[in-house]
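J.: Listed here are the chains, written in short residue letters.
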Amino acid sequence: MAEVNPFKRGCCVRRIARFTISPGHLPHRKEFSTLAAMESNSQRPSRDEAAKALNDLTADRERLVHSIRVPWLLLAGYGGLAAWWVGSAATASPGENYEPPTIGGLALAVVLVVAYLIQRETGIRFRSIGFRAMLAATGIVVSCLALFSISLGLVSMDMPWAVAITSAMAFASTTWLAGAAYRSAVEILHRG
Amino acid sequence: MDEVRFDEVIHAPLRLRICGLLRPVDRLDFAVLRAALDVSDATLSKHVKTLNAAGYVVSDKVASANRGDARRIMWLSLSPAGRSAFDDHVRALQKIAGPGGT
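These protein sequence lines are chains A and B, in that order.
Going by this note's numbering, the first sequence wraps up at 266, each residue one higher than the last.
Going by this note's numbering, the second sequence wraps up at 958, each residue one higher than the last.
No lab work stands behind these hints, which were simulated from the structure alone.
Yeah, the Cβ is synthetic: ideal placement off N, Cα and C, and Gly gets one too.
Do not rely on the hints blindly, as some may be mistaken.
Claimed, not checked - One-sided excerpt, in silico: chain B residues whose CB lies under 7 Å from chain A:
hint, residue
1, ASP863
2, ARG883
3, LEU884
4, ASP885
5, PRO955
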């Protein structure tokens with residue numbers, strides 16, 4: 075009977091697989107074969123191997139992109155912030171004595187907190203969000219400014235109740251545009 | 857003629873895939889990376905440790921409010937050296953896989 079050399083690489087891998095790792099953490103058989111192959115093969119790959127490695131990188135990225143869910147609940151936080159700001163026009167007094175609402179600092183803090191929570195929720199922090207996402211973010215600012223101006227106009231016409239409508243519009247448009255920006259950032263990830 | 861630059865650390869298939877997922881992002885949660893690669897915690901930890909030791913991957917642990925125990929979220933990102941080594945390695949692979957490759 076042939077003597078087993080415990081220091082032989084393949085032998086060690088098999089022993090670890092059988093006895094050392096608990097079943098809950100036991101990698102798939104496929105992983106072991108891959109690990110064994112990669113530890114022993116540090117040579118320059120063939121053309122097919124190189125092509126397969128590049129295809130694997132693309133497939134991994136696609137799997138990651140498809141696993142990402144748009145965090146609508148947290149993005150609705152941006153919508154709520156926009157609705158709050160536009161709604162604050164209802165208590166303003168347009169005219170000579172007009173004073174803009176002083177919630178800028180608080181709004182910025184909420185934006186940063188929600189951005190942080192989105193990262194924690196999704197487990198991804200993007201390197202860049204891309205042009206389309208920037209366009210969507212600009213759209214949020216422009217639509218909120220427009221809706222705020224309309225709200226002030228409504229208040230000056232003694233229709234403060236109508237601010238509820240512009241406020242709801244700010245919520246919907248901001249949430250939708252924030253979702254579009256997030257999806258665009260995910261697409262950037264897909265393209266690499 | 858340009859010589860392809862293989863990196864022995866990144867050459868291992870799983871480490872190449874880890875770098876491939878970390879390359880386009882600023883940072884990625886360990887759990888998200890594990891799910892995308894479909895590997896076990898132990899396997900991923902082993903290779904992240906190797907990349908960390910080579911200075912290619914930076915890990916950062918933060919407390920998790922969602923967990924009742926002392927476990928933390930581990931954020932992983934490629935260091936500038938890691939990005940450079942990965943880019944060189946991918947260029948080398950593209951050169952081999954492309955027309956005229958061996």
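J.: Now tell me, hint by hint, if it's right for this structure.
T.: Here is how each hint holds up against the structure:
The closest approach between the C-beta of ASP863/B and any C-beta of chain A is roughly 10 Å, which is over the 7 Å cut-off, so the hint fails. Restraint check, ARG883/B versus chain A: the minimum CB separation of about 5 Å is within 7 Å; hint holds. Proximity of LEU884/B to chain A holds as hinted, the smallest CB-CB distance being about 6 Å (cut-off 7 Å). At about 3 Å, the closest approach between the beta carbon of ASP885/B and any beta carbon in chain A falls short of 7 Å, and the interface hint on this residue holds.
Hint status for PRO955/B: violated, given a least beta-carbon distance of 10 Å to chain A, over 7 Å.
Of the numbered hints stated above, those contradicted by the structure are hints 1 and 5, listed in ascending order.
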